[in-house]
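2 protein chains.
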Amino acid sequence: INRLASQIRLGLLVVQPDTIDFFDRQLAAPANIWVKIDVGTRRTGILPTDEATLETVFAKIERAPRLRFRGFLAHAGHTYAARSKAEIQKIHEETTTILKDLKARYRARFPDLEISTGDTPSCSVAEGWEDVDEMRPGNFVFYDLMQVQIGACRPEDIAVALAAPVVAKHADRQEIVVYGGGIHLSKDRLTTAGGQACFGWPVRLNANGWERPDGESFVKSLSQEHGVVKCAPAFFERVRVGDVIGILPVHSCMMVDLFARYVDVHGGRIEKFVFGK
Amino acid sequence: INRLASQIRLGLLVVQPDTIDFFDRQLAAPANIWVKIDVGTRRTGILPTDEATLETVFAKIERAPRLRFRGFLAHAGHTYAARSKAEIQKIHEETTTILKDLKARYRARFPDLEISTGDTPSCSVAEGWEDVDEMRPGNFVFYDLMQVQIGACRPEDIAVALAAPVVAKHADRQEIVVYGGGIHLSKDRLTTAGGQACFGWPVRLNANGWERPDGESFVKSLSQEHGVVKCAPAFFERVRVGDVIGILPVHSCMMVDLFARYVDVHGGRIEKFVFGK
Numbered sequence: 559i560n561r562l563a564s565q566i567r568l569g570l571l572v573v574q575p576d577t578i579d580f581f582d583r584q585l586a587a588p589a590n591i592w593v594k595i596d597v598g599t600r601r602t603g604i605l606p607t608d609e610a611t612l613e614t615v616f617a618k619i620e621r622a623p624r625l626r627f628r629g630f631l632a633h634a635g636h637t638y639a640a641r642s643k644a645e646i647q648k649i650h651e652e653t654t655t656i657l658k659d660l661k662a663r664y665r666a667r668f669p670d671l672e673i674s675t676g677d678t679p680s681c682s683v684a685e686g687w688e689d690v691d692e693m694r695p696g697n698f699v700f701y702d703l704m705q706v707q708i709g710a711c712r713p714e715d716i717a718v719a720l721a722a723p724v725v726a727k728h729a730d731r732q733e734i735v736v737y738g739g740g741i742h743l744s745k746d747r748l749t750t751a752g753g754q755a756c757f758g759w760p761v762r763l764n765a766n767g768w769e770r771p772d773g774e775s776f777v778k779s780l781s782q783e784h785g786v787v788k789c790a791p792a793f794f795e796r797v798r799v800g801d802v803i804g805i806l807p808v809h810s811c812m813m814v815d816l817f818a819r820y821v822d823v824h825g826g827r828i829e830k831f832v833f834g835k
Numbered sequence: 559i560n561r562l563a564s565q566i567r568l569g570l571l572v573v574q575p576d577t578i579d580f581f582d583r584q585l586a587a588p589a590n591i592w593v594k595i596d597v598g599t600r601r602t603g604i605l606p607t608d609e610a611t612l613e614t615v616f617a618k619i620e621r622a623p624r625l626r627f628r629g630f631l632a633h634a635g636h637t638y639a640a641r642s643k644a645e646i647q648k649i650h651e652e653t654t655t656i657l658k659d660l661k662a663r664y665r666a667r668f669p670d671l672e673i674s675t676g677d678t679p680s681c682s683v684a685e686g687w688e689d690v691d692e693m694r695p696g697n698f699v700f701y702d703l704m705q706v707q708i709g710a711c712r713p714e715d716i717a718v719a720l721a722a723p724v725v726a727k728h729a730d731r732q733e734i735v736v737y738g739g740g741i742h743l744s745k746d747r748l749t750t751a752g753g754q755a756c757f758g759w760p761v762r763l764n765a766n767g768w769e770r771p772d773g774e775s776f777v778k779s780l781s782q783e784h785g786v787v788k789c790a791p792a793f794f795e796r797v798r799v800g801d802v803i804g805i806l807p808v809h810s811c812m813m814v815d816l817f818a819r820y821v822d823v824h825g826g827r828i829e830k831f832v833f834g835k
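Line by line, the protein sequences give chains L and X. In terms of the numbering used here, the first sequence opens at residue 559 and continues consecutively. In terms of the numbering used here, the second sequence opens at residue 559 and continues consecutively.
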């Protein structure tokens, strides 16, 4: 972190006052401190009503010569449980109200403080970003079936697919098996309207990306290395063992982490960026 | 595959007759062919009753000069749905009966044919391996919570844990947050007796491995990079932000794939074997 802090304008996230003591002892270069606020996700963060803890944080930052209070940061991860634009909008309004109230309360003391938020569902469809200084969506780079289910994007916005070879066809159960399992797609899943688990959608890969063969075929189960695709009749008839089909992921962030590089639609290789490699 | 086939005694798995034509055209070195039998998992494999397809397979192998029929192979993956030794034993008996019947039926024609099976639950607790020529368990190397739930091992048999730093404590909800999420543990999960999702058990790491602080604390949710651990009171009181705790995985195979190397209890590094690297 000291190497990074000497090269870039580093922002560090704090959720506990003690962490500031640690940074004060260990950091050799200046850094900005963002205070993480729990806006309802209940994962990490200081509750916006917990003024005593916020005061402890400010006091500790003020005593640390290399640290500067930068502002309040949130991740409204509970939008992932939303299933419509209206639900996302409601969470977004609660989130921005909390952050704007904090900004208003402490602006006299810290004139430059900023507020930062930005889960992908809110950044995709919510209205009302006045006074928000920074957005931080990540999943929007590729989108995925989870974002479709939430209502954050349309299926045609999904910009990444797993290339999976078909290794078996089973006519009696209208299923194909692909080489492509939890090791490649991650075990993230959706529950379909019919109550079944869905681990992805099979698509046909083409020179421009992909096209969905129908609205019924889906990946019904994943083992470690393999996936079982329940197929609509027309798709089943056309697909052959040895074909490479695409699988649209339920959660693109988890899937792309499992590969060292991507291949674009023209066959070009895109290496992943790894800091310090 | 040609490079491998020229260096080792290579066994290839076949689930469709057409694949043998492909091997015959492409393989430059000799190889053994195992025929995958579906013993009830319904993922891949030829049904043991499908004599016509088996005959097609044998005929194609006989016409391929570099291919030799080696035997029948199965993976009784449906033992993963078992929840007791008796259930595992029942599936194991069905599996071995199917394979032994096939061996008896075709032994006159292929005197050297062997049968191979070996899901981890069966290999761990099932009795009756006479006439089975090869066992192939994989998960038993480390075991995990899934195998505990199936009844294949005891908790103290689990030989791998994720080292996860504690990044936040939340006294109001008796939860800690660790740096260690789906990216590290995979999203495999169990359902607890109380109907809750469980993504792992927190343990204390020590010089000999790990010890479980209590029977109640568990990982209740995973996001991409973080896990939320619901803690029993004594564990919550003792754990501090900055501590590195262990997380026993739900599925060790999926977890270990996510790391480049392991660290043993004495601090030694164990690199993963990657063929051709």
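Rather than coming from a laboratory, the hints here were simulated on the basis of the structure. Watch out, some of these pointers could steer you wrong.
What the hints assert, rightly or not - Here are the simulated lysine to any residue pairs, SDA-like style, with alpha carbons at most 20 Å apart:
{"#": "1", "chain 1": "L", "residue 1": "LYS727", "chain 2": "X", "residue 2": "GLU609"}
{"#": "2", "chain 1": "X", "residue 1": "LYS727", "chain 2": "L", "residue 2": "HIS728"}
{"#": "3", "chain 1": "L", "residue 1": "LYS727", "chain 2": "X", "residue 2": "ASP576"}
{"#": "4", "chain 1": "X", "residue 1": "LYS727", "chain 2": "L", "residue 2": "PHE580"}
{"#": "5", "chain 1": "L", "residue 1": "LYS778", "chain 2": "X", "residue 2": "GLU783"}
{"#": "6", "chain 1": "X", "residue 1": "LYS727", "chain 2": "L", "residue 2": "THR607"}
{"#": "7", "chain 1": "L", "residue 1": "LYS594", "chain 2": "X", "residue 2": "ASP815"}
{"#": "8", "chain 1": "L", "residue 1": "LYS788", "chain 2": "X", "residue 2": "THR599"}
{"#": "9", "chain 1": "X", "residue 1": "LYS788", "chain 2": "L", "residue 2": "ARG600"}
{"#": "10", "chain 1": "L", "residue 1": "LYS778", "chain 2": "X", "residue 2": "ASP576"}
{"#": "11", "chain 1": "X", "residue 1": "LYS788", "chain 2": "X", "residue 2": "ASP815"}
{"#": "12", "chain 1": "X", "residue 1": "LYS727", "chain 2": "L", "residue 2": "THR577"}
{"#": "13", "chain 1": "L", "residue 1": "LYS727", "chain 2": "X", "residue 2": "LYS618"}
{"#": "14", "chain 1": "L", "residue 1": "LYS778", "chain 2": "X", "residue 2": "LEU748"}
{"#": "15", "chain 1": "X", "residue 1": "LYS594", "chain 2": "L", "residue 2": "ALA729"}
{"#": "16", "chain 1": "L", "residue 1": "LYS788", "chain 2": "X", "residue 2": "ARG601"}
{"#": "17", "chain 1": "X", "residue 1": "LYS594", "chain 2": "L", "residue 2": "ARG600"}
{"#": "18", "chain 1": "L", "residue 1": "LYS727", "chain 2": "X", "residue 2": "PHE580"}
{"#": "19", "chain 1": "X", "residue 1": "LYS594", "chain 2": "L", "residue 2": "PRO575"}
{"#": "20", "chain 1": "X", "residue 1": "LYS727", "chain 2": "L", "residue 2": "SER781"}
{"#": "21", "chain 1": "L", "residue 1": "LYS830", "chain 2": "X", "residue 2": "ASP815"}
Checklist entry - Any hints this thing doesn't respect? Which numbers, in order? => result 2, 5, 7, 10, 11, 17, 19, 20
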